Structures are given as C-alpha cells and as structure tokens.
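Mind docking chain B on chain A? Use the hints.
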Amino acid sequence: MNSILRKRFIDQILVMFGREPQKPERQTEQAIKIHELKRMTNKADLAAAKEAHRANERNHKWRNRRWVTLIVVNLLFVVSFGFDIQLLEGALTASRFAGFHLIDLNSALQVMLAHKHIITNLLIGTGTVLVLWVLFGGRTFCSWVCPYHLLAEWAEKIHLFLVRKKLITDQPIDRRWRTVSWVIFALLAVATGYTVYEAISPTGIVSRALIYGPGLALLWVLALLVFEVFFMRRAWCRYACPIGLTYGVVGIFSPVRVKYRLESCFHEGDCRKVCLVPHVLDTVIKGRAVDAEVPIGPDCTRCGLCVDVCPTGSLKFDVKGLSKLM
Amino acid sequence: MSDQTPQESGAGGAATAKPAAGAKPPLSKERRQQARRRVLRSLLLGGGVFGAALSGYLPIAYAQRKRLRPPGALDEKDFLSSCIKCGQCVQVCPVQAIKLADLVDGFGVGAPYIDARAQACDFSCDAVQCILACPTGSLTYHKPEGMDVRPGAKLANKPILLAKEKDAEPTLNLAERIGVARVTRPESCLAIQGKGFKGQARGANFDGELRYMDVDRWKPIKVSDHPYDVEICNLCEQVCPIKGAITVKIGPGLDGKLKGIPVVHEPCVGCGVCEMICPTEPASIEIIPGEGWRA
Numbered sequence: 001m002n003s004i005l006r007k008r009f010i011d012q013i014l015v016m017f018g019r020e021p022q023k024p025e026r027q028t029e030q031a032i033k034i035h036e037l038k039r040m041t042n043k044a045d046l047a048a049a050k051e052a053h054r055a056n057e058r059n060h061k062w063r064n065r066r067w068v069t070l071i072v073v074n075l076l077f078v079v080s081f082g083f084d085i086q087l088l089e090g091a092l093t094a095s096r097f098a099g100f101h102l103i104d105l106n107s108a109l110q111v112m113l114a115h116k117h118i119i120t121n122l123l124i125g126t127g128t129v130l131v132l133w134v135l136f137g138g139r140t141f142c143s144w145v146c147p148y149h150l151l152a153e154w155a156e157k158i159h160l161f162l163v164r165k166k167l168i169t170d171q172p173i174d175r176r177w178r179t180v181s182w183v184i185f186a187l188l189a190v191a192t193g194y195t196v197y198e199a200i201s202p203t204g205i206v207s208r209a210l211i212y213g214p215g216l217a218l219l220w221v222l223a224l225l226v227f228e229v230f231f232m233r234r235a236w237c238r239y240a241c242p243i244g245l246t247y248g249v250v251g252i253f254s255p256v257r258v259k260y261r262l263e264s265c266f267h268e269g270d271c272r273k274v275c276l277v278p279h280v281l282d283t284v285i286k287g288r289a290v291d292a293e294v295p296i297g298p299d300c301t302r303c304g305l306c307v308d309v310c311p312t313g314s315l316k317f318d319v320k321g322l323s324k325l326m
Numbered sequence: 327m328s329d330q331t332p333q334e335s336g337a338g339g340a341a342t343a344k345p346a347a348g349a350k351p352p353l354s355k356e357r358r359q360q361a362r363r364r365v366l367r368s369l370l371l372g373g374g375v376f377g378a379a380l381s382g383y384l385p386i387a388y389a390q391r392k393r394l395r396p397p398g399a400l401d402e403k404d405f406l407s408s409c410i411k412c413g414q415c416v417q418v419c420p421v422q423a424i425k426l427a428d429l430v431d432g433f434g435v436g437a438p439y440i441d442a443r444a445q446a447c448d449f450s451c452d453a454v455q456c457i458l459a460c461p462t463g464s465l466t467y468h469k470p471e472g473m474d475v476r477p478g479a480k481l482a483n484k485p486i487l488l489a490k491e492k493d494a495e496p497t498l499n500l501a502e503r504i505g506v507a508r509v510t511r512p513e514s515c516l517a518i519q520g521k522g523f524k525g526q527a528r529g530a531n532f533d534g535e536l537r538y539m540d541v542d543r544w545k546p547i548k549v550s551d552h553p554y555d556v557e558i559c560n561l562c563e564q565v566c567p568i569k570g571a572i573t574v575k576i577g578p579g580l581d582g583k584l585k586g587i588p589v590v591h592e593p594c595v596g597c598g599v600c601e602m603i604c605p606t607e608p609a610s611i612e613i614i615p616g617e618g619w620r621a
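Sequence lines, in order, name chains A and B. Going by the working numbering, the first residue of the first sequence is number 1, and it counts up by one from there. Going by the working numbering, the first residue of the second sequence is number 327, and it counts up by one from there.
Simulated from the structure, these hints should not be mistaken for laboratory data. Each hint should be verified, as a subset may be incorrect.
Claimed, not checked - Pairs of lysine to any residue residues, derived as SDA-like cross-links and limited to a Cα-Cα distance of at most 20 Å, are as follows:
hint, chain 1, residue 1, chain 2, residue 2
1, B, 425, A, 80
2, B, 484, B, 512
3, B, 521, B, 467
4, B, 484, B, 458
5, A, 33, A, 290
6, B, 575, B, 512
7, A, 116, B, 473
8, B, 545, A, 123
9, B, 469, A, 123
10, A, 116, B, 512
11, A, 116, B, 466
12, B, 403, A, 113
13, A, 259, A, 60
14, A, 38, A, 286
15, B, 425, A, 191
16, B, 403, A, 191
17, B, 469, A, 290
Note that the structure is a prediction, hence the values are computed from the model and not measured.
Bound-form chain A, shown alone:
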C-alpha cells in the first residue's frame, strides 16, 4: 500500500465514525494522469457513451444472492426450532451452529459491559464470530444477515417512491450521531447494569419474532420503519445502529471489499444513489480518486448494490491477496 492509499485508509475509518469525506490533498501520478485524460475527452462522446451504458438492462445479481443468503440464514434459525432440526439453534444475538457457539459481537459487548463477568462459552462464541466477520468483511453482517436490513431496504423503496412523487423529502442528519449512540449505549450498559440496547435492538427483536413468534416489541420496529418511510431514508442503519459500527470496526482489516477502478468509470453517480452509505463512495466523484484502484472503506456493507448498478463495471467485489494468489 502506498502512502496515499494509506492516508485514505485512515480517512475512511474516520469517515465511518462520522466525518464528512473530503477532497484528497494528494493523488498518485497515475490517478492524476487519468483524471487529466478524462478532462480532455470530448464531452459529447462521454455523454453518448453514458447513455449507451445506462440503456443496458439492470441486473440484480448481487442483490438477489444477498437476499437469498439473508433469507436462508434467518430461515435456518426458524426451521431449526420450528421443525426441531437443531442445526442453528438460538437467535441472531447468540446461537449454536451444529453445536458451535456463535455470539453476536454487539450483544456480547453489551452483556460484558453490563454484567462485568465473562464466561468461557461467551468468549468462544464471540471469538468465532469475530474471526468469521473479519474474514467476510465486518458490515457484511448488516446487509447479508440482519433481518431488519431487509425490511428497511423495502421501506427505503417506498420512501424513494414517495420522494420521486414529491410527496416527501429526505431529511438527512449528522452521521456522527451513530458514534455518539454507540458510546452512550456502551456507557448505559456499564452504568445501569442492564443491556439497554438489547431492549430496543430491531435486529434482536425481528430475529426473535421470526423464531419464537411475534410480540408487541414489533411495534417498535414498525415505528422505526414508518419513520424511515416518511421522514428519513434508512435512519436506523445510517444514523443510529451501534451494531453497524461494531461490525464496521471489525471489517477495517477485512480482505473482502468492493474495489473501484478509476479508468473505466464514467462518473454517472448511479452507485451513490443506491448506496446505504454513500459517504464511502466519495471516491467515485469526478477528480476525487486518489489512485487508479481504490478499495472502498470499512463502513461499506458489501451489499453489492453499487456493483449491480455500475454500468461500466468499475466497482467490483475484490478479495485482498486473492488475485495475487491466482
């Protein structure tokens, strides 16, 4: 990694904690050259090429794979209990896969902070899940496993429809608020001795509702979804959820990420429109990329919507080191 990419790597961590992405101070020579070439390209040609690309059929390859994975994982929980298959017992907060303990990192953290006493099984389960998500990319948990994510994705579709109809407007807020929320929930757990966050965690509530049957707690989830439909696009996942930040930190060193290739990009910006966390895609803005190839930062949920929507194939999934091996 060159020093410019290293700087970006650090910057992206800060962006995850809530800083707004900034124009890069330095870029590699190669990147500068490509930016320069793009400026010299005939504008009319570029526009025509864009149109041609956009006319291509929309594909939903990664979205479909992701939805299937998310539904299968959650169904595994449901059938393991419902039909007594005992393959994946428990709920998303803690479970056992074929006997192995798996414990959600944020739930484990809440329990450790509130209870201040850690037993071996808790450590084993947390360690296993930690390794799993370091390998697969931290916030991959959000978009590929979390059942609330899927509900919120559908709510987002309604929200965007209403925005297009000009019935509502989106009301974004400061992203640093998620970091504040993480810190407050951690402090609350220590101070009160209760796992306060678990009481309102839509991930836990939806997961338990699927497995053990619905309850009144779903009203809270419904309230969140209504809020997201009418007021704030993806409010919970973007601005509030401490689970997202916990997994984001876990994914900092993950080899699985989306990679951006500057040369082929036409800067249409379609990717930023579909993205849950568009601040990680600041690099696709014209003139911003610091290198010919830029890995996307840790706040990315690896959902693949940008990969699907990118008409030029400039955004692709990438496993660090794998291309060198093969």
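Frame of chain A; chain B shown alone:
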C-alpha cells in the same frame, strides 16, 4: 478519533463545506437554517431512540409482578444484565415451559421466564438442559464466587429427582431454588375442605404436559390425558417431581371428617408443577418467584 469528535455534533451540517485554510466564508441565511434544522432533527432522533431505550426502566421501576426464571437463573439483576436474549433455553425444553418476555417487561424483553400455571418445569429433561444451553451463564450450575445469593435460596442438598431415584446419579445439578410453593388460597384448597377430585385436573382443553413415570419414562403427555380419581385431593403431592418437597397430610379434622393439609418442605425448588396441576381455579397453591425457604 479526529479533531471532529462526536461531541461536536452540534456544529452539524455547517461542517460540510470545508475551506482550504483559515476563515470560513459566512453562511447564507438559508444554509444556517438548514444546519439548524439538521441539528434539531438529530436531537429529535436521539431523544426518540434513547427515550425508547430508557423506557425499558419503567416496568422495572414499577416492579410489577416478578417473573419465575428458569432453573439455575442468577439473581434478577444479574440475570437481566447477563441474558443475551437468544432463547436457546426455550429451544431445549422438552415441555416448552420457557417463554420469552415481551415489550411490557422493559429491559427484560426477550428474557426467558416460566408461567408455571400454564406449563411448569417438570424436569422431564432429567439434567436441566436449559442451563446447559445458556451461552452467557445467566443460567448456571455453579454461581460464580461473590455473586448475590437470595436469602433462603440455597438448597440444603441437591434435589433428588423422583424419576431418576433408582439411577446411579439421582440428583439434579441445582444449588438454588427459583422460588417456593405456598398454599396462597387455603380456603379454596380441595384437600383442606376434605374434598376429593375426579377427572381431568385442568379440564379437557388444557394444553400443559407432564411426564408420568407410570405412563412413559421418556415422553411427557398431556395432563388432560391423565385423569385422576382421589378421595382426598393430593394431586400436588402426586405430581411433584422432587423427592420430599411436598406432602398432603391426611387425617380427621375437628368435625371428624377426613381432611388433607398440603405442607411444603425444604427440598422444594419452586418448579411450579403443583401450581400447574392444582384443579381449583385460581390455583390454591402457587410459586412465589425468587422467594427463599423459611422454616
């Protein structure tokens, strides 16, 4: 963290356009308004989320009815702080005695409890499987040193499970009771009135299950499939899974008629089978959750 710590979030949207160096250009009135609205929205969302989160205190502050926790549960405060709300205890219970609490339980939402009247824990699993399943030690065979023990919660001896009485290891691995049975409504108790009982203990539509050793050692059956016929009601004694936990003393009363008096003894672990089987409505004998033994 950078120079922009989250505590500064009050500065909100103003941070979007950062000048290269030194003085910021003055913001237009519109931008200022936008920024102010953004801060307000942040506060509103924050207030909403933490308001909702802390409302979990209300049920605990009002201390409505206490829940009967599964066997091996830590004391209530420790229990709620350590329970990760995964329901693995629910999944292993052969009689589905364990349920997960809902929103009305505040911080206890998703935490397991037993509604003994609907379905008590009859230890048909033989080994207190729920404790084995618990990943965080909320339910535990051995309470760690220094953790609170409710007065009177400690059992004098490991309880002997009648179903396993002839096995090499007849005891349950339980050190504390989860509650104690009490005859809370002596006036309605059939035995005390000198009455017998004939038929299905809880009616034909009752779903609760119990393991009857004389029917099937391994499989619990519906209580409604096991009718009774006794001269003086002693159903609580008949179904109690723990050796020596309850007896119905039968003898002539003041009027010379035969009567029974249910007496709970020290080995009672608070499983609630007596409360579940009690044929009177409401039950004459109940478990007081978290209660200790008082001689």
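*Sort out whether residue 60 (chain A) lies within 20 Å of residue 259 (chain A), counting only the CA atoms.*
holds, 18 Å
*asked:* Would the hint linking residue 425 (chain B) and residue 80 (chain A) be met if the CA-CA limit is 20 Å?
replied: holds, 17 Å
*Given the hint that residue 469 (chain B) pairs with residue 123 (chain A), does the C-alpha gap stay at or below 20 Å?*
At roughly 18 Å apart (the allowed maximum being 20 Å), residue 123 (chain A) and residue 469 (chain B) satisfy the hint.
_Restraint check for residue 484 (chain B) with residue 512 (chain B), where alpha carbons must lie at most 20 Å apart_ = Violated, at roughly 29 Å.
*Distance restraint between residue 545 (chain B) and residue 123 (chain A), which requires alpha-carbon spacing of 20 Å or less*: violated, 35 Å
*Between residue 116 (chain A) and residue 512 (chain B), does the CA-CA distance stay at or below 20 Å?*
This hinted pair is violated, its Cα atoms lying about 44 Å apart.
*Can the restraint linking residue 469 (chain B) and residue 290 (chain A) be considered satisfied, given a maximum Cα separation of 20 Å?*
violated, 56 Å
*Assess, step by step, whether the Cα of residue 484 (chain B) is no farther than 20 Å from the Cα of residue 458 (chain B), and give holds or violated.*
holds, 17 Å
*asked:* Tell me if the straight-line CA distance from residue 403 (chain B) to residue 191 (chain A) falls inside 20 Å.
replied: holds, 13 Å
*Holds or violated: residue 425 (chain B) with residue 191 (chain A), Cα cutoff 20 Å?*
violated, 28 Å
*Does the alpha-carbon distance linking residue 521 (chain B) and residue 467 (chain B) stay inside the 20 Å limit?*
Outside the cut-off at roughly 41 Å; violated.
*Going straight from one Cα to the other, do residue 38 (chain A) and residue 286 (chain A) come out at no more than 20 Å?*
holds, 9 Å
Of the numbered hints listed earlier, those contradicted by the structure are 2, 3, 8, 10, 15 and 17.
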